[in-house]
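If you're matching them up, the sequences are chains X and V in order.
Sequential numbering of the first sequence, starting at 592, is according to this note's numbering.
Sequential numbering of the second sequence, starting at 293, is according to this note's numbering.
Keep in mind the hints are simulated off the structure, nothing from the lab.
Computed from a predicted structure; not experimentally measured.
Don't take each hint at face value.
Stated by the list, open to error - Calculated lysine to aspartate or glutamate pairs in the EDC-like style (CA-CA distance at most 20 Å, straight line):
hint, chain 1, residue 1, chain 2, residue 2
1, X, Lys716, X, Glu910
2, X, Lys726, X, Asp762
3, X, Lys1026, V, Glu554
4, X, Lys778, X, Glu808
5, X, Lys899, X, Asp876
6, X, Lys1024, V, Glu419
What the hints assert, rightly or not - Using C-beta positions, here's what the derived DEER-type ranges look like:
hint, chain 1, residue 1, chain 2, residue 2, range
7, X, Ser675, V, Pro569, 31 to 37 Å
8, X, Met803, V, Glu397, 29 to 35 Å
9, V, Ala390, X, Glu797, 19 to 25 Å
10, X, Glu684, V, Glu419, 29 to 35 Å
11, V, Ser415, X, Asn776, 32 to 38 Å
12, X, Ser675, V, Leu468, 37 to 43 Å
As the list claims (entries may be wrong) - Which residues of chain X face chain V? A partial, calculated answer using Cβ under 8 Å:
hint, residue
13, Asp646
14, Ile648
15, Ala651
16, Val655
17, Val656
18, Val659
19, Thr818
20, Asp821
21, Ala824
22, Glu825
23, Glu855
24, Asp876
25, Asn883
26, Tyr952
We put the beta carbon where it would ideally sit given N, CA and C, even for glycine.
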Amino acid sequence: MRRGLTALLIISLVAVTLIPGCQQGPAETIKIGVIGPMTFIQGEQHWYGAKMAADEINEAGGIVVGNVTMPIELVKIDSNEILSVPDAATAMEKAITVDKVDFLVGGFRTEAVLAMQDIACDNQKIFMGCGSASKEQCTRVAEDYDKYKYWFRVTPVNDELLVMNSFLMLDNVISTVRDELGIENVKIALVMEKAEVGDLIVAGCEHLIPAMGKNIELVGTFRPSPTATDVTAELSAVKASGAHVIMTYFSGPVGVVYAKQWGELEIPAASVGINVEAQKSGFWDATDGYGNYETTLNVYARIELTDKTIPFYDKFVAETGEFPTYTAGTYDALYILRDAIERAGTLDSDAVVIELEKTEYFGSAGRMMFTSTETGNPHDLMWGADYVTAIGTQWQDGELLCVWPPVDGSWNGVVYKGTVAYKLPPWVIDYWKAK
Amino acid sequence: MFANILINGAITAGIYALLALGFSLIFGVAKIINLAHTAFYMLAAYFIFTFAYYLGLNAPLSATASIIITTAIGVGTYKLVIERIREHETAVLMITIALALVFQESILLAFGSHFRSAPGFISGHVELLGVSVSIQHILTFGVVLACLLGIWILLSKTKLGIAIRAVAQDREIANLVGINVGTMCLITTAIAVALAAVAGAMVAPIWTIQPHMWMRPLVVVLAVVVLGGLGSLKGSFVAAFILGYTVTLVVFLFPTVSFVKEAVALAIMVAVLLIRPEGLFGVAFEEERL
C-alpha cells in the first residue's frame, strides 16, 4: 500500500513537471526597459507613465501574443543622461545584455539618446523615444533604414515642429498685445538658453521674425547658460531694449530662475515660448508664485485632447502628485507597443516594426501616427490639426491652463474643451498703457 | 545702459562677495582651502526650505535655525574629519570636495532633484535710476556690507580677533604665548560656515534650490578669492566687484553670447594672475594681512 502511494506520488510529480498544462512556474513576461534619468523628474515621469500603462494592461490580462497572453514586466534603468552621456550608453548596454529587455521606452537628452539609439538598433531592439526632440534621430531612419528602423518617437514632436508651434503661440500673443495695448509695432526679444535645440530655435527666429512683417522687430537675442543662477542682467537688458514680448527657450534649471526674476522684477514684456520647468507642478512653488503668466509649449493639460486625456491626467496627478509632462508619454508608448505586438502576434522586432508603422492610436496626447518611410524623417510623431498638435499652457493664478490652440478657434478650427483665453500679465498692461 | 550696468554690476558683486567671504576667512586664518564651502551654503538653503515648507516657520526663524544647524554641522565636520589632516593641504582639498559630494548625494536622496524655492525676507522690487531691482538683492548687498564690517571689527578690535590673527601669522609663536591654536581654528571654521549659511539665507531666495546648486558658486568663489589674493578679505571684496561688473558688461555689450559671461570673468582672473601671481591683494608676509 505504502509502495503504491509512493509510486503514485512520483508519477504525479513527473506529470506536473513534464506536461505543459500542468506547469505552475511563473508566467513568461514581456520585459520592457524604461530608460531615463531616474533621479530627475524627467526619468521619474518616464517611469510613472510606463507603470500606469503596464498596471492597466496587466490588470486587463496582459498582452496577447499569438495564442499566449503575457504580462508586462517593467525594468527601471537609470541612464543618468542629464549628467553623463557615457553613463547612458552603459545603461543601455546593460539593459539589453544583462537585463535582457525585449523593448525599450524613454530617453531624454538628445546627445544621450543618439548614443542609446545606436546601441538599441545595433541589437535590433525597438526603442520608443519619449523625451528627445531632435529630428536627427528620425533622419537616421531615412538614411539607414535597415539599421535604425527600430527607433520610433512617441513624444514630443520634433524640434522643427517645436519652432513652428512656438511661432503659432507667439503669433497669438502678438495679436493680444496689439488688441489690448494698442501697439502696432511689436518688438520681440529672444531669451534662449545656450543648448543644441536652443541654437536651432534662435537661428529659426532670427530668420523668421524679420519675415513676419514690417511691424514686427527683433530687438535683441540673449543666450544665458542652461545652468545660469541669475539672469537679472539679461532681464534688465530686455527691459532696456523696449521689447513687448520675450520669446523663450529653456530646457534646464535656468527656466525657473528666469520666470522667478521676470515676475519679481515685473519686466514689462509678455513671456512665451518653451520653458520645460514651467510644465511641472512644482514650478509655482519653485518660483514663489512669480511664474504667474509664464506661457510654454506643452503636451498635457487638463483638457480633452481625446477622451483619454482627462482620465489619464487625473489618475497621474492622483498617483504621483505631479502634472504629467512630455516624458510621461511612455504611457501612450506602452499602449502603442501593445497594439503592435498583438497585431504582429509575435515579439519578433522586425514583425513588430512593420505593425508600429501602421499605428493609428488615439492616446492621451492626441491622435498618434508615425511619419511614413517615404518621408525624410520616418517613424517621427505626426503633427497637425488632425494629429497631435501640442498645446500652449499658461500659469494663471496657480493653475496651468491651456491657452493654445486659441479659444476662438482661429487655428484651423481646433479648440479643445477646457481651453481659456491667453492673459497678458497685468504689470505689462500697466507699463505700456502708462507710456 | 550705464545705469543698468552700474546697478546690476553692484548687485552681482554683492552676491559674489557674500559667497566668498567665509571661504577667504578660513583660508586666511586656518590655511584650509575648504571646497565644501558652497556645499554648506546648499545645506543652509535646504534647511531653510525644510523649516519654511514642512514646519511652517517664517523666513527669519527658518534662516536663524538653518544658520545654527549648518554651523553645527560645519564644526562637527571640522572636528571629525578636517582637524586631523589640517596640515596636509592636498588631503584637505580631496576631503572637502568629497564632503561636498556626500552632502550633494544625501540631499539628492532626501529631496530628489526637484527645484525648490526658499522664502525671501522681503518680496517685490524697486526702481533705481529706471532699473528694476528686487528688494532681496538690495538686502543681500546690505548684509554683505554688514558682514564685512562685523568681521573687520572682530578681527581688529577684539581679543578673539587678535588671537585669530596671531594664529594666522605664526601658529608656533601663537601657541607659545598661550593661544589655543586648535580652538582658534575651530572658531574660525564656525564663523566661515556661518557666513556660508548666511549666504544661503540671502542668496537662495534669489536663485533656486537644487542638489547641484553648490558647484557653480564654487567656481565663482574660487575666482573671487584667487583674483583678490587667497585669504585677503579686502581682496575678495574688490575682486567680487571686478567679476560682477565683468559679467554684467558681457551681458549688455555681447548679449548673444551672454552664456560665456562667467568664462570671460575667469579669463580676466587668469590675465591678472599672469601679471600678479599672488592676486590683487595677496600677501607675501602674513603681517600684511588685513
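Hint-by-hint comparison with the structure:
1. X:Lys716 x X:Glu910: 30 Å, violated
2. X:Lys726 x X:Asp762: 24 Å, violated
3. X:Lys1026 x V:Glu554: 36 Å, violated
4. X:Lys778 x X:Glu808: With Cα atoms ~5 Å apart, X:Lys778 and X:Glu808 stay inside 20 Å; holds.
5. X:Lys899 x X:Asp876: 28 Å, violated
6. X:Lys1024 x V:Glu419: 18 Å, holds
7. X:Ser675 x V:Pro569: 31 to 37 Å: 35 Å, holds
8. X:Met803 x V:Glu397: 29 to 35 Å: 48 Å, violated
9. V:Ala390 x X:Glu797: 19 to 25 Å: 45 Å, violated
10. X:Glu684 x V:Glu419: 29 to 35 Å: Between X:Glu684 and V:Glu419, where Cβ atoms are some 57 Å apart, the hint is violated.
11. V:Ser415 x X:Asn776: 32 to 38 Å: 34 Å, holds
12. X:Ser675 x V:Leu468: 37 to 43 Å: Violated: the Cβ-Cβ distance is about 52 Å, outside 37 to 43 Å.
13. Asp646: 22 Å, violated
14. Ile648: 27 Å, violated
15. Ala651: 32 Å, violated
16. Val655: 37 Å, violated
17. Val656: 37 Å, violated
18. Val659: 39 Å, violated
19. Thr818: It holds, given that the least Cβ distance between X:Thr818 and chain V is near 6 Å, below 8 Å.
20. Asp821: Holds, because the Cβ-Cβ distance from X:Asp821 to chain V comes to roughly 6 Å (cut-off 8 Å).
21. Ala824: X:Ala824 check passes; min Cβ-Cβ to chain V is 4 Å, inside 8 Å.
22. Glu825: 6 Å, holds
23. Glu855: Nearest chain V Cβ about 5 Å off; hint holds.
24. Asp876: Hint holds; X:Asp876 Cβ to chain V Cβ min 6 Å, cut 8 Å.
25. Asn883: For X:Asn883, the interface hint is violated, since the closest Cβ of chain V sits about 13 Å away, which is over 8 Å.
26. Tyr952: With a closest approach of 31 Å, the X:Tyr952 hint is violated.
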